[in-house]
Amino acid sequence: MTRPLAPSRPAPSPARPAPAAPATASSSAAAAERPSGPAPGAVKSSAAIPAQTPRRGELAGLLSLLVAGLAIAVAVAGFDRWQTGREALVMEALATGSIQTQQLGRAALLAPAAGDPSLAAVRGSRQALASLVARLDAPSAGPQGEPIALSEALAPGLAPLRAAWKRVDDLAARFVTLDPAAADSLTRQAVELDREVDGLRLRFDEMRARAAVDPDDRLWRLWLALGGVMLAASAGLGLLRAWRFEARARAREVEHRLREAERLEQDAKQANDQNQAAILRLMNELQGVADGDLTVQATVSEDITGAIADSVNYTVEELRSLVSRINATAEMVNEASSQAQMIASSLQTASEQQSREIRDTGESVLRMAQQINEVSARAAESANVARHSLTASQEGARAVHTAIAGMNGIRDHIQETAKRIKRLGESSQEIGEIVELISDLTEQTNVLALNAAIQAASAGEAGRGFTVVAEEVQRLAERSAEATRQIAGLIKTIQTDTQNAVAAMERSTQGVVEGTRLSDDAGRALGEIGRVSTHLAELIEDFSNTTSRQAASAGTVAQSIQRILLVTEQTSEGTLQTAGSIRQLAELAQELKSSVSRFKVA
Numbered sequence: 001m002t003r004p005l006a007p008s009r010p011a012p013s014p015a016r017p018a019p020a021a022p023a024t025a026s027s028s029a030a031a032a033e034r035p036s037g038p039a040p041g042a043v044k045s046s047a048a049i050p051a052q053t054p055r056r057g058e059l060a061g062l063l064s065l066l067v068a069g070l071a072i073a074v075a076v077a078g079f080d081r082w083q084t085g086r087e088a089l090v091m092e093a094l095a096t097g098s099i100q101t102q103q104l105g106r107a108a109l110l111a112p113a114a115g116d117p118s119l120a121a122v123r124g125s126r127q128a129l130a131s132l133v134a135r136l137d138a139p140s141a142g143p144q145g146e147p148i149a150l151s152e153a154l155a156p157g158l159a160p161l162r163a164a165w166k167r168v169d170d171l172a173a174r175f176v177t178l179d180p181a182a183a184d185s186l187t188r189q190a191v192e193l194d195r196e197v198d199g200l201r202l203r204f205d206e207m208r209a210r211a212a213v214d215p216d217d218r219l220w221r222l223w224l225a226l227g228g229v230m231l232a233a234s235a236g237l238g239l240l241r242a243w244r245f246e247a248r249a250r251a252r253e254v255e256h257r258l259r260e261a262e263r264l265e266q267d268a269k270q271a272n273d274q275n276q277a278a279i280l281r282l283m284n285e286l287q288g289v290a291d292g293d294l295t296v297q298a299t300v301s302e303d304i305t306g307a308i309a310d311s312v313n314y315t316v317e318e319l320r321s322l323v324s325r326i327n328a329t330a331e332m333v334n335e336a337s338s339q340a341q342m343i344a345s346s347l348q349t350a351s352e353q354q355s356r357e358i359r360d361t362g363e364s365v366l367r368m369a370q371q372i373n374e375v376s377a378r379a380a381e382s383a384n385v386a387r388h389s390l391t392a393s394q395e396g397a398r399a400v401h402t403a404i405a406g407m408n409g410i411r412d413h414i415q416e417t418a419k420r421i422k423r424l425g426e427s428s429q430e431i432g433e434i435v436e437l438i439s440d441l442t443e444q445t446n447v448l449a450l451n452a453a454i455q456a457a458s459a460g461e462a463g464r465g466f467t468v469v470a471e472e473v474q475r476l477a478e479r480s481a482e483a484t485r486q487i488a489g490l491i492k493t494i495q496t497d498t499q500n501a502v503a504a505m506e507r508s509t510q511g512v513v514e515g516t517r518l519s520d521d522a523g524r525a526l527g528e529i530g531r532v533s534t535h536l537a538e539l540i541e542d543f544s545n546t547t548s549r550q551a552a553s554a555g556t557v558a559q560s561i562q563r564i565l566l567v568t569e570q571t572s573e574g575t576l577q578t579a580g581s582i583r584q585l586a587e588l589a590q591e592l593k594s595s596v597s598r599f600k601v602a
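FYI, this note's numbering numbers position 309 of the sequence shown as 309, with every residue one higher than the one before it.
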């Protein structure tokens, strides 16, 4: 009698962590009924895997079925242990297949949680099952002692069993590479199952020791071994179903994370779009200020550009007020220049008239001198000449009085013009103060632009749009500073011309005073001529002497008239210069007004 081959035992599993408490049916049911959602207030981890309560229940049910089948096999073995050794050998084969299947399922469940040693156990269980299937192909002795291959005897049922074994083997291979987190919840049930399997192994060892094995009858053991393989195949299908549920859970988790990432990306994009829109709106509003429109008001909002918009509005408001004052002052200067121009024209006309009258007076004096000479030459006609001299002296006196009155009028006009020019100088000084205020505002604008640039630089990438705004404000301040310097130059020119005009008017006033004095002298001389002419008849004997004095007086008067004519011409020339200065002042005022007219203030 040949001793039967002992079924190969699976490699012992590596040491496993002891469970906190044995798993019971109630604990399994409680675990199946535990809610799968996260506890309230729990922080969601990016690597957390949601609990899969339905899948746990299915796996637990599958394991329970396996344990129940194993228990039935044990009960059958206990009931028939009194039978012959052939029946004991059959039960041993069935138990061996079942234990190998359970070891494979248990090792597959514990492999992700236990690490590489459990994976080795899975591989060992797979090898044990492969050895069991190989025994199906080993030859056996028939009833007459002839060798019979089990695969030939059981060919009709071997093909589906081999297919089932292939599926179980593939499933175990997949579980070798399964994610460790997918089997954490089944660790406790697997440990409990391991205990039951160990107890069954001990009982089958006792049965094998008490049973007498008949080596000639192995067909029944083959059928029961095939049943064990089928049981292993059913367990593998259960594990495959659990793996599919786990793969779906992973897909749902990945999809959830993708949706969360897309939502965060949309929120960040929306915030970025809002910031860019605020910066573009501020830049568009400041474009009008750069074009000279001081009525523009930047929108003050809760965005990042709100504070800058408020500062820009304050600066534009101050600049608008300053430009309005410059416009008003330029208008006043223009009106004063127009009035001064009219007065200068009147003075010029009066000076021309005075020149004509003085020229006429000079001609009269020359004629008087000729007459005196004729009187001196012709003593006989002295009385007639005396009467003519009296008449000429009276006319000369009237002309002199007229010249004196005209000179007084010119003096008054010149004094009035000097006063207006002084007021014009004072207005130019006020314009200079306003220009200094513009310069101060320009410096403040530069400081504001510098502060904005510093804030934009400290903000990093998010503040790049602020750097553009700061550069625009700084360029506006530089243009304002350039315009301020031009205005200051114009004001200095106006003040210089005004001072020159005042000096010219003072010289004209002195000339007029001198002309008045000379006119008084001429009046006195003409009065003397009148007195001499009146007494000419009485002083006919002294005619020669008197005519000599009259000739001398006539020469003096001629010289005085020449001086008066010279002063009058100087006055006329000064009046022309004053008119030119006033016209230049009017042009400067108009240029000042034009330089600020590009700014829109209303």
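These aren't lab readings, by the way, just hints derived from the structure by calculation.
All residues carry an ideal CB built from backbone N, CA and C; glycine is no exception.
Treat the hints with care, since some could be wrong.
[Unchecked claim] Pairwise CB distance ranges, derived in the manner of DEER restraints: (1) GLN276 - ARG583: 40 to 46 Å; (2) SER594 - ARG359: 31 to 37 Å; (3) ARG263 - SER594: 57 to 63 Å; (4) GLU426 - LYS593: 14 to 20 Å; (5) ARG248 - GLU471: 53 to 59 Å; (6) THR391 - GLU430: 55 to 61 Å.
[Claimed, not checked] DSSO-like cross-link-like pairs, simulated, lysine-lysine; straight-line CA separation at most 30 Å: (7) LYS492 - LYS419; (8) LYS593 - LYS422; (9) LYS269 - LYS422.
Hints, one by one, checked against the model:
1. GLN276 - ARG583: 40 to 46 Å: Check failed, 55 Å falls outside 40 to 46 Å.
2. SER594 - ARG359: 31 to 37 Å: violated, 44 Å
3. ARG263 - SER594: 57 to 63 Å: Between ARG263 and SER594, where Cβ atoms are some 59 Å apart, the hint holds.
4. GLU426 - LYS593: 14 to 20 Å: For LYS593 against GLU426, whose Cβ atoms are near 19 Å apart, the range 14 to 20 Å holds.
5. ARG248 - GLU471: 53 to 59 Å: Taking Cβ atoms as reference, ARG248 and GLU471 lie about 57 Å apart, which means the hint holds.
6. THR391 - GLU430: 55 to 61 Å: Roughly 58 Å apart at Cβ, these two residues keep to the hinted range, so it holds.
7. LYS492 - LYS419: Answer holds: LYS492 to LYS419 is near 20 Å, not above 30 Å.
8. LYS593 - LYS422: Given pair LYS593, LYS422 holds - Cα atoms ~21 Å apart, limit 30 Å.
9. LYS269 - LYS422: violated, 67 Å
Checked against the numbered hints given earlier, the structure breaks hints 1, 2 and 9 and satisfies all the rest.
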